[in-house]
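S.K.: Could you put the whole structure together from the sequences, leaning on the hints where they help?
In case you want the letters, here they are:
Protein chains: 2
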Amino acid sequence: MINTLIKNIQEKNAPIVVGLDPMMNYIPEHIQKAAFEEYGETLKGAAEAIWVYNKGIIDATYDLIPAVKPQIAMYEQFGIEGLIAFHKTCAYAKEKGLVVIGDIKRGDIGSTSTAYAIGHLGKVKVGSKAYAGFDEDFVTVNPYLGTDGVKPFVDVCKEENKGIFVLVKTSNPSSGEFQDKLVDGRPLYELVAEKVVEWGNECMGDTYSNVGCVVGATYPEMGKVLRKLMPKTYILVPGYGAQGGKAADLVHYFNEDGLGAIVNSSRGIIAAYKQEKYASFGEANYADASRQAVVDMIADINGALGK
Amino acid sequence: MINTLIKNIQEKNAPIVVGLDPMMNYIPEHIQKAAFEEYGETLKGAAEAIWVYNKGIIDATYDLIPAVKPQIAMYEQFGIEGLIAFHKTCAYAKEKGLVVIGDIKRGDIGSTSTAYAIGHLGKVKVGSKAYAGFDEDFVTVNPYLGTDGVKPFVDVCKEENKGIFVLVKTSNPSSGEFQDKLVDGRPLYELVAEKVVEWGNECMGDTYSNVGCVVGATYPEMGKVLRKLMPKTYILVPGYGAQGGKAADLVHYFNEDGLGAIVNSSRGIIAAYKQEKYASFGEANYADASRQAVVDMIADINGALGK
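Chains as they are written, first to last, in my numbering: chain A, 23 to 329; chain B, 23 to 329.
Treat the hints with care, since some could be wrong.
It does not matter which identical chain is meant; a pair holds if it fits inside one copy or across any two.
To be verified - BS3-like mimics (lysine-lysine), calculated; alpha carbons at most 25 Å apart, straight line:
#1 K268 - K246
#2 K77 - K118
#3 K55 - K151
#4 K145 - K55
#5 K147 - K77
#6 K246 - K329
#7 K110 - K66
#8 K296 - K147
#9 K110 - K145
#10 K147 - K55
Hints listed in this document are in silico derivations from the structure and should not be mistaken for laboratory results.
M.R.: Structure below.
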């Protein structure tokens with residue numbers, strides 16, 4: 023699956039991913055109103071609004087971008103109905119030729135991680151049949167439980183030609199609380215990075231591994247070190263834009279081949295119409311504002327990379 | 023919510039929780055057959071089988087136990103239909119007076135953790151209304167992202183009188199890979215434990231905090247140390263029985279008041295009928311076998327505690 027992601031990135035000359043992390047207050051009034059008129063102010067109404075909003079953004083941007091990254095929490099908060107919207111969003115993005123990175127940050131003991139891996143990347147057996155529950159292309163994985171919590175995901179990736187991104191250094195302010203702690207003089211996230219390489223060696227694509235990692239844009243010095251420590255590991259980079267990460271900081275997340283990193287923006291794209299810069303599009307044309315924000319983000323990052 | 027859990031434990035004299043982690047191969051033939059006849063060999067058929075199976079176990083054990091702990095991965099692997107069975111199971115267990123611990127091991131950056139916390143412990147706003155998505159009483163939380171990934175759960179616990187159990191030292195074989203790494207001479211899990219105490223101080227019940235932790239039964243020496251480090255923290259203890267933890271090992275997970283720990287068993291209870299010891303019940307009477315396994319587990323643990 024990493025081969026497909028790289029092919030998409032190269033064809034579109036866009037090392038970016040759009041984070042589909044809908045919040046009710048991002049969704050334009052006319053979409054909310056229509057959904058609530060049809061289903062009432064219910065979980066189903068909220069889910070319908072989210073789905074229509076996402077579809078608008080996908081339709082307006084899919085020709086420019088290689089991938090989307092829906093954050094499942096934003097759907098899960100609306101219970102079953104929200105998860106139906108998540109599932110529809112993933113399926114629709116795939117129909118449009120996009121790689122879908124499910125930002126689920128799961129991770130548990132072995133048999134339980136197997137269930138998550140099957141549910142999101144594989145197929146579950148029911149009697150003589152087998153079904154894909156959610157069917158993303160990649161998912162994010164939390165490594166706190168160690169190898170036997172991550173390996174089941176790697177095994178399913180091998181069987182199904184899928185991929186994962188393992189959390190190494192997250193973008194949030196307190197990520198250092200545990201991740202930066204020194205173990206024999208080296209930060210814990212470097213130990214995790216070494217394991218990512220080990221897990222990834224088992225599951226290589228042509229030039230990069232199907233086991234990628236997450237390193238926040240907000241810690242560029244660490245990103246630089248981690249890039250070198252994991253030369254064949256794709257880095258999913260959250261934290262650009264709204265969280266404070268800048269394109270110039272991200273250059274060292276890439277390898278000399280111009281590959282090796284994919285930068286996420288969520289709010290900055292999907293709620294672009296709320297920014298002063300894109301306000302002229304107006305709320306009704308939120309999707310066009312998102313398209314322009316994608317164009318600008320690609321130019322910003324490719325500019326920093328000298329492409 | 024910790025007060026309610028403790029009250030349930032005391033009334034039933036049973037410091038245990040039944041892990042509702044259904045696997046298809048645990049579910050008796052007659053239940054699978056009936057579900058598949060009604061819905062076919064589909065995700066809906068599987069979900070129906072899981073729900074009927076769970077209901078049987080709850081009906082046969084609810085008067086003996088204080089709580090259940092459904093592991094959401096086992097449902098999520100069946101996609102939306104599986105999650106509907108999870109939701110029904112949680113709601114039914116609550117109807118029967120049980121405390122529901124959602125074993126979800128979520129954890130993310132601040133705004134995303136807020137969404138998880140709202141979805142599982144709180145209420146989400148939809149226009150002028152508010153709805154509970156899944157509505158467990160407690161959930162398990164992964165601490166790898168640090169304080170700003172955990173605090174949103176604590177905040178929702180305060181508002182809604184709910185609780186969490188934060189992973190400190192998990193029961194799986196490779197849990198030590200990162201959790202045991204020495205930081206200034208002390209294992210990482212102790213640093214996490216100190217944070218658990220800090221987070222918990224903000225959210226106290228009468229005698230224990232609503233912020234509990236997870237420490238596996240498979241590491242009794244560490245459990246002993248952690249018990250003392252976190253005197254007011256309830257410990258959720260997985261790993262008893264099938265994973266190898268023994269009652270005698272668990273004594274030190276409890277405080278001198280006889281409280282402070284709740285021991286989980288999943289397979290050992292819900293698939294008891296498959297063990298030689300309970301085989302005489304027969305597959306048709308799987309729920310009676312589960313009831314006997316609960317009686318035996320309570321006696322085993324109370325025996326070790328000298329109760």
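S.K.: When no copy is specified for K77 and K118, does a C-alpha distance of 25 Å or less occur within a copy, between copies, both, or neither?
M.R.: Intra 11 Å, inter 41 Å, cutoff 25 Å: intra-copy only.
S.K.: Evaluate K147 and K55 at a C-alpha cut-off of 25 Å and name the case that applies: within, between, both or neither.
M.R.: between (40 Å within a copy, 15 Å between copies)
S.K.: Check K55 against K151 for me: Cα-Cα at most 25 Å, and say if that holds within a copy, between copies, both or neither.
M.R.: between (41 Å within a copy, 14 Å between copies)
S.K.: From the Cα coordinates, with 25 Å as the cut-off, is the pair K110 and K145 best called within, between, both, or neither?
M.R.: both (17 Å within a copy, 23 Å between copies)
S.K.: Between the shortest in-copy and the shortest cross-copy C-alpha distance, which are at most 25 Å for K145 and K55: within, between, both, or neither?
M.R.: For K145 and K55, only the inter-copy Cα distance (21 Å) is at most 25 Å; the intra-copy one is 37 Å.
S.K.: At 25 Å max between alpha carbons, let me know whether K296 reaches K147 within a copy, between copies, both or neither.
M.R.: between (45 Å within a copy, 21 Å between copies)
S.K.: Up to 25 Å between alpha-carbons, please classify K147 paired with K77: within, between, both or neither.
M.R.: Result: close only across copies, 22 Å inter versus 31 Å intra.
S.K.: Treating 25 Å as the Cα threshold, decide for K110 and K66: within, between, both or neither.
M.R.: Result: close both inside a copy and across copies, 13 Å intra and 17 Å inter.
S.K.: Go through the copies and call it for K246 and K329: within, between, both or neither, with a Cα cutoff of 25 Å.
M.R.: within (19 Å within a copy, 58 Å between copies)
S.K.: Checking K268 and K246: alpha-carbon separation at most 25 Å within a copy, between copies, both or neither?
M.R.: within (14 Å within a copy, 47 Å between copies)
Hint check: no violations occur; every hint is consistent with the structure.
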